[in-house]
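*Asks:* One-letter residues, chain by chain:
There are 2 protein chains.
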Amino acid sequence: MTCGLFIMKVWVTGKVMKSADKKRDPEISIPMRTLSNANYNKKKRIIEMGDKAATRNFFDLNKSKNFMQTMLIASACKKLIDEEKTSSIRGLYYLTKHSIKGTNEKTFNDQKESDPIIEDVEVALEALREQLHVFADSRGSIAGNLTITSRGDEIDLRRMGAGGMSIPGIVEPDVFTFKKCDAKFILHVEKGTVWARFNEDRFWEKHNCILTHGSGQPPRGVRRLLHRMHNELNLPLYCLLDNDPWGYYIYSVIKQGSINLAFESKRMAVPDAKFIGVRSKDFEEFGLSDDVKIAIDNKDIKRAKQILAYPWFKGKKDWEKEIAAMLQHGFKMEVEALLTNGISFVTEEFVPQKLKQRNKWLD
Amino acid sequence: MTCGLFIMKVWVTGKVMKSADKKRDPEISIPMRTLSNANYNKKKRIIEMGDKAATRNFFDLNKSKNFMQTMLIASACKKLIDEEKTSSIRGLYYLTKHSIKGTNEKTFNDQKESDPIIEDVEVALEALREQLHVFADSRGSIAGNLTITSRGDEIDLRRMGAGGMSIPGIVEPDVFTFKKCDAKFILHVEKGTVWARFNEDRFWEKHNCILTHGSGQPPRGVRRLLHRMHNELNLPLYCLLDNDPWGYYIYSVIKQGSINLAFESKRMAVPDAKFIGVRSKDFEEFGLSDDVKIAIDNKDIKRAKQILAYPWFKGKKDWEKEIAAMLQHGFKMEVEALLTNGISFVTEEFVPQKLKQRNKWLD
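In order, the protein sequence lines correspond to chains A and B.
Read in numbering that gives the first Met the number 0, the first sequence has 55 at position 56, and its numbers run on one by one without any break.
Read in numbering that gives the first Met the number 0, the second sequence has 271 at position 272, and its numbers run on one by one without any break.
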């Protein structure tokens, strides 16, 4: 029996069934996934979910639809686990959508209704959706000094050609394991096109590391893999991101987790991750020209101020200075901007320098 | 010397240099990439570029900036080829952007200016940008009964675990070659989540095929790879796409090429590709419920009518009927809709049935 199935059985048997058996109103308790119930744990340095929870009762007219939807999603997950199959969140919507007998009422009208219920089931069970055999869309690639096994296939990530291995949506230990690892660190870059430059220059071989990207904001599979490699293989994680609010935000999510999905931080966040991306002062330090400047707009300014106000950025002098410098400059810069100094400047000069100078890392 | 470099030298030496040497106004001729210069070749069944061309002269005030931009992009491509490196189109923008000495004038103000010039250079040289070492963003994965080599690494696509291999942006024969192939056909599916279902059910093993997806509209690397596998490995290509205008359009681009990039059809289009996606009549034939219906809106209707008017759809009775049926139904369906008949219905019933019944293929 997989771990997911075990959790599922305990939950359903323990809570819902017992109340039903005793002819009491069946109820489930769902921790609240609101901003007011997401707290930054300063000691663990991750965003955590608080204790607030809401109860859903079957015999409450306002809540019975929600109660039934929750049971429906939970039972579909159980079926997936029983059959040893996985599904996307869109797939789960179709798997559970039907008309309720004798009515015109649908279990779900669209995916916007089923997605939050999946999250409800995750938090209620304290399980990742991936443990319940449900995955989000997969994006991102990996190559480097590591051998893994995925669904029984042993894959040498040192021999993955120009494209790398697509990082699957589910990388839980029962289907994805680490074998021989010679790497000393992980370099995570923001975009696939930048990843291609590093892979083509065989950066991972020269610097003995693992190279990943997540096509922008990394999806759950990529974040979970970064977390597992960092913790199980003891590899430091360095993030090469843009000098803009979007880059800061990606870093924030990789490092501390997201407010939305605070309950999963402990299995996804990497609080020790370091930012070695483009910094405002790099404009002068690396002698970049005006050509690399992208003017910031009101949206950027608003976003930057929001990020500054996050409790996990607030009070960090380096980050406060960094974001203030970007706002004062009035422009942002992409990693690709370094191309103006040469095709392989980023792999041969910029990142090697950053890696050597610990005092230049943003934390 | 690579093929791209050879073409580049012949062009520059032959046309631009000769006129300059003779102290005549240097000029280049760029085939026009307009709708009026894109024709459907009924015999070859692909969209082709016509003969119309525009001339760019250096000593013409209206054209000299364009002339110089073209030379700049061409020379950056030559540098990439010389250095045996590749770049994204965004990278090429940064590589070529600079202020013109003694002025405030930039060579390019943003990427919207450099992208069309890259296409100009492609058509002028009759080369794919990939041959000039420039790639678009890469998306999409592959697994199946095939071994390939990519940049010197031999990769067995039968042992790629849950994620598959990321299809690189450049799959030209000098860096990407085919080795042992046992597959009898290619199944191309629209989305990564559907691909994951087929891969998990080991469809490619059971049915002896190659499995690809392109994350929606497949990027150039995926289309080029489909073209090469179809032609060099003699494999029929079947496309599993949604029953909606977007699905029809994806099919149209895979099969005939796109109007925008008519000049590349001969190296990207697969006129023999077959549509084995969801059809309007499948709603009844496979006993689907109302739950799968997604109401079409005015945009869908407009798009469907545009597609019907394409010369390569026009007059094809099967397609005319198919699109009319969708419009009459008033709803569209995704491949995921088949999940309402069971998690693996699509891999165990739907596609195997479609593959057997040649008369159900749309061509």
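Note that these hints are calculated values from the structure, not bench results.
There may be inaccurate statements among the hints.
Copies of the same chain look alike in the list, so a pair counts if it works inside one copy or between any two.
Each computed PhoX-like pair below joins lysine-lysine, with the alpha-carbon atoms no more than 20 Å apart [to be verified]:
#1 K42 / K22
#2 K292 / K111
#3 K316 / K178
#4 K273 / K43
#5 K313 / K41
#6 K84 / K205
#7 K280 / K111
#8 K78 / K355
#9 K205 / K183
#10 K100 / K292
#11 K51 / K78
#12 K316 / K41
#13 K105 / K292
*Asks:* Take the hints in turn and mark each one as holding or not.
*Replies:* Each hint, compared with the structure:
For the homomeric pair K42 and K22, neither the shortest alpha-carbon distance inside one copy (44 Å) nor that between copies (74 Å) is at most 20 Å. Within a single copy, K292 and K111 get their C-alpha atoms only as close as 39 Å, which misses the 20 Å cut-off; across copies the closest is 16 Å, which meets it. Neither within a single protomer nor between protomers do K316 and K178 lie at most 20 Å apart by alpha-carbon distance, with minima of 40 Å and 56 Å respectively. Taking the shortest Cα distances, K273 and K43 sit within 20 Å of each other inside one copy (16 Å), while across copies they are farther apart (55 Å).
Proximity of K313 to K41 under the C-alpha cut-off of 20 Å is restricted to the intra-copy arrangement: shortest distance 12 Å within a copy versus 65 Å between copies. For the identical chains of this complex, K84 and K205 are inter-copy neighbours only, at 17 Å across copies versus 39 Å inside a copy, given an alpha-carbon limit of 20 Å. In the homo-oligomer, the alpha carbons of K280 and K111 never lie at most 20 Å apart, since the shortest distance is 43 Å inside one protomer and 28 Å across protomers. Taking the shortest Cα distances, K78 and K355 never come within 20 Å of each other, neither inside one copy (51 Å) nor across copies (30 Å).
With identical chains, the CA atoms of K205 and K183 are at most 20 Å apart within one copy only, with a shortest distance of 11 Å there and 40 Å across copies. Taking the shortest Cα distances, K100 and K292 sit within 20 Å of each other only across copies (18 Å), while inside one copy they are farther apart (61 Å). In this assembly of identical chains, K51 and K78 lie within 20 Å of each other by CA distance neither inside one copy nor across copies; the values are 30 Å within and 60 Å between. Within a single copy, K316 and K41 get their C-alpha atoms as close as 16 Å, which meets the 20 Å cut-off; across copies the closest is 67 Å, which misses it.
Taking identical chains as interchangeable, the C-alpha atoms of K105 and K292 lie at most 20 Å apart only when they sit on different chains, with a minimum of 12 Å there against 52 Å within one chain.
In summary, the numbered hints that this structure violates are 1, 3, 7, 8, 11.
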